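Peer 1: Here is how the chains run, residue by residue.
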Amino acid sequence: MDTTVLGSGTTQLDWGVVQISTTNLIVVVVMLAVFALALVVPLGRGTRDRGSRR
Amino acid sequence: MSTTLPKPTAPPVRRHDATPDAHLFPTRPYDLVKEFCLALAGVLVLTIALAWIFSSPDEKAVTMAGWATAAPNDVVATATGELAGTTTSAGYGAPYNTASDGQALGPLPLQKWAGVTIPVNSAEDLVLTPLSGVGGDAALTAALTAYRAAPPDQQTAWATAYGEALKAAPDGDPAQVAPGDYGPVPVLADKFLALARSGGLEGALTSSGTFYGSDATRSLLLLADGAYLEDQARAQNLGGDQWGMMNETGNYPGQPWMWLYTFWYQVPPFSTSDNADALVWGLMMVLTLGLLLVPFIPGLRSIPRLVPLHRLIWRDWYRRTGQRAAAPPAGGAPPR
Amino acid sequence: MTVTDRTGTEGTGTEGTGTDARSWTARLRGRVTGLVPPGQALPDRQPAYMTSAIYVFGVITLAALVVVVATGVVLSLGGAVWWHVSAAGHVVNSLHLWSTEIFFAAMVVHLWGKFFMAAWRGKRALTWMTGVVAFVGSIGTAFTGYLSQTNFDSQWISTQAKDGLNSVGIGAWMNVLNPAQMLMWHIVLMPLVVGVLVVWHVVLVRRHGVVPPIDAVEPVPAAEEGSR
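Protein chains in written order, with the numbering used here: chain A, 3 to 56; chain B, 1460 to 1795; chain C, 39 to 266.
Treat the hints as calculated values from the structure; they're not laboratory data.
One should not assume that every hint holds.
Said to hold, decoys possible - Here are the simulated SDA-like cross-link-like pairs (lysine to any residue), alpha carbons at most 20 Å apart as the crow flies:
1) C:Lys161 / C:Glu256
2) B:Lys1519 / C:Ser124
3) B:Lys1493 / C:Arg244
4) C:Lys161 / B:Ala1477
5) C:Lys161 / B:Leu1752
6) B:Lys1519 / C:Leu100
7) B:Lys1519 / C:Ala125
8) B:Lys1571 / C:Asp201
9) B:Lys1519 / C:Val240
10) C:Lys161 / B:Asp1490
11) C:Lys161 / C:Leu100
12) B:Lys1626 / B:Tyr1687
13) B:Lys1626 / B:Glu1689
14) B:Lys1493 / A:Leu45
15) B:Lys1493 / C:Glu256
16) B:Lys1493 / C:Gly77
17) B:Lys1519 / C:Thr182
18) B:Lys1493 / C:Lys161
19) B:Lys1571 / C:Thr182
20) C:Lys161 / C:Pro229
Predicted model only: the values in this text are computed from it and were never measured.
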C-alpha cells in the first residue's frame, strides 16, 4: 500500500484501484467499530426478565 | 395441575410472513422522551467537540482575477477556445446548446431529450459580450468590430489557428506564438485577460448587464473550460478518477457514503466510456431501487438469515425464551 | 337528559362531537387518531426483546437532524456568505458540518442494524422504504448544501456534478451552477421532502411497533395459563 502525502495536507492511501484519504478511512473504521459494539452492548438493564407484563 | 402449553409452532415458511404482532409481547418500562433528550445532549456535546477541534474547511473561491494572475496563459487559451468552439462548454450539447447530442443511457439520449433550457453561446456569452461592455478602449473596439464583421467561417478559422499556435508555443505563452493569420483574435484574447485581471469579469458574467446577479452558470462554465480550476482540484485529490467525489479539501472527512457512486468511475467500462456519467447514474438508480425494494427481492431479503448477526442482537431474548433462530424448537414449555 | 347551552338552546350536550360520516372533520380526526394504536404514540413501555444498543441509532439520527436544522436556522440568520466573514459564523458552520457527519454516520449504522434485523417483516415494508427514501433525500440535501458553500469546494463540486446530472437530463431543470437556486433547494425544498419522510417513517414505527426478533413466536397470553 502506498502512502502519498500531498502539500495541501491530505494523506492518501493507495491500494490498486482503491484510493482513500486517511481521514475517510478513519471515519469508516470508526463506524464499523461502533456498529460491532452496538451489536454486543446491551440496552439498559437488558437481562432483567419480568415475564408477560402488559 | 401442571400447565401444558401448546407446542410452539415451527419457524415460518419463507413465503408466508408469520411475524407476530409486536404489541402482544411482554414489555418493560422505557422512557422514550428521556432517551431523546439524552441523545440530543450527546449529539450536541460531540458536535461541539468536533467543531472545536477540527473546525470546517473554507478554501476561497477562485476568482477570475486570481485565475488571470496565477495562470494567464490558461485564460488566453480558454478565451481563444471559446471563440474557436473547441472548449468543453462550446461542444457540450444540452442543456446549454445543440453542439452535441451528449450522453446516452443505452439507446436513450436522455441528455438531448431534456432540451436546451439554459442557453449559453460560449463565444458570445462568455467572451464577446463581456468584452463589449468595456468602454474607452479603441483597440478593443476596433478588434470587436473587425471580428463581428467577418463571416462565421473566418472567425472560426482565425480562432482555431490561434489556438493551435498557442498550444505549439512554449508554455502556451502568447508572446512566443509563431506568426500567422489570426485576425483580431490575439487582441481579443489579450483584452480578455486584462479584463479578468482587473476584476471586471467577476460581475460581467453573473449579472450580464443587469444589477442583481446570482446565477453563476456562465462564470463557472468559463472557469471549468480552463485547466486551472481542475489543476487546483486534482492537487487535493478531488478529481473524478481520484475517488474525488468522496473527498474534501484539506484533511477533512469527506463523503465516504459516496464510495459506491464514485467507485464505478475508477473501473472499466465506465472509466473509458464517453457515456460514463449516464451509465453510472443509471447503474446507481438501479442499485438504489434494489435497496428500496429489499423486502420484496428474494435472496437479498434472506441475507439476514444467512449472515445471522441478529443472533447477537437478540441473544438475550432467544436465551430467555428458549427460542432459537432458524431452528425448530423442541416440544414442551419454554423456560420463563 | 337535556342540557341548556349559553344561548339558551336545549340539546343532549353532545353536539359537535358526533361521528357523522359526512363530516370531513370527523373523518380526518378518525384517520389521524387511527394512525397509531391507542397509547402507542408515546408509550412508556417497550417490548422486552429490545435489549441491544443497536436500537439507539434511530433516535441518535433524529437528534442529530434536530441539531443540523437548528444550526442551519442560525446560518440562515446570517445569510449565505456570513460564515466567510464572521468568526461566529464559521463556528456555526462547523457545528452544521459535524452534526451532519454524525447524522449520516448514525443513519448508516441504523440502516445496517435494520437490515440485519430484517426489520421490514410483519407488514413493515413501507417503514423500510420511507427510510431508504429519507436516506437518499438526505444525500440530496447534503449535496445542495455543498453547492451552497460559495467557496472553491462548491465551484468544483458544481462543475463536476453538472456532468452527471446533465447526462440524464436532470441538469436541464436542476442547475447546480446556480447558487441562488441550489441554496433555496437546500433550505426549503429538500428539508420539506426529508421532513415529510422522517415524520412518515417515525409514525410507521409507532404504528406497527418495533419488529419482533426473527423467528420469534407469538407468546401465549398470561390469562390463559393461569386458568389451567
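Peer 1: Tell me if the straight-line CA distance from C:Lys161 to B:Ala1477 falls inside 20 Å.
Peer 2: 10 Å, holds
Peer 1: Taking 20 Å as the top limit, are the C-alpha atoms of B:Lys1626 and B:Glu1689 close enough?
Peer 2: At roughly 18 Å apart (the allowed maximum being 20 Å), B:Glu1689 and B:Lys1626 satisfy the hint.
Peer 1: Just to be careful, I want the Cα atoms of B:Lys1571 and C:Asp201 compared with a cutoff of 20 Å; is the pair within it?
Peer 2: 13 Å, holds
Peer 1: Going straight from one Cα to the other, do C:Lys161 and C:Pro229 come out at no more than 20 Å?
Peer 2: 27 Å, violated
Peer 1: Is the hinted pair B:Lys1571 and C:Thr182 satisfied, with a Cα-Cα distance of at most 20 Å?
Peer 2: At roughly 24 Å apart (the allowed maximum being 20 Å), C:Thr182 and B:Lys1571 break the hint.
Peer 1: Does C:Arg244 sit within 20 Å of B:Lys1493, going by the straight-line distance between their CA atoms?
Peer 2: 17 Å, holds
Peer 1: Take a quick look at whether C:Lys161 and C:Glu256 sit within 20 Å of each other, Cα to Cα.
Peer 2: 16 Å, holds
Peer 1: Is it true that the CA of B:Lys1519 sits at most 20 Å from the CA of C:Ser124?
Peer 2: Distance ~14 Å between B:Lys1519 and C:Ser124 Cα, so the pair holds.
Peer 1: Can you confirm whether the C-alpha distance between B:Lys1519 and C:Thr182 stays at or below 20 Å?
Peer 2: Judged against 20 Å, a Cα distance of about 18 Å means the pair holds.
Peer 1: Is the Cα-Cα distance between B:Lys1519 and C:Val240 20 Å or less?
Peer 2: With a Cα-Cα distance of about 40 Å, the restraint between B:Lys1519 and C:Val240 is violated, given a limit of 20 Å.
Peer 1: Holds or violated: B:Lys1519 and C:Leu100, Cα atoms, limit 20 Å.
Peer 2: 33 Å, violated
Peer 1: Given the hint that B:Lys1519 pairs with C:Ala125, test it: the Cα-Cα distance must not exceed 20 Å.
Peer 2: 15 Å, holds
In terms of the numbered hints stated before, the structure departs from hints 6, 9, 10, 11, 15, 18, 19, 20, listed from lowest to highest.
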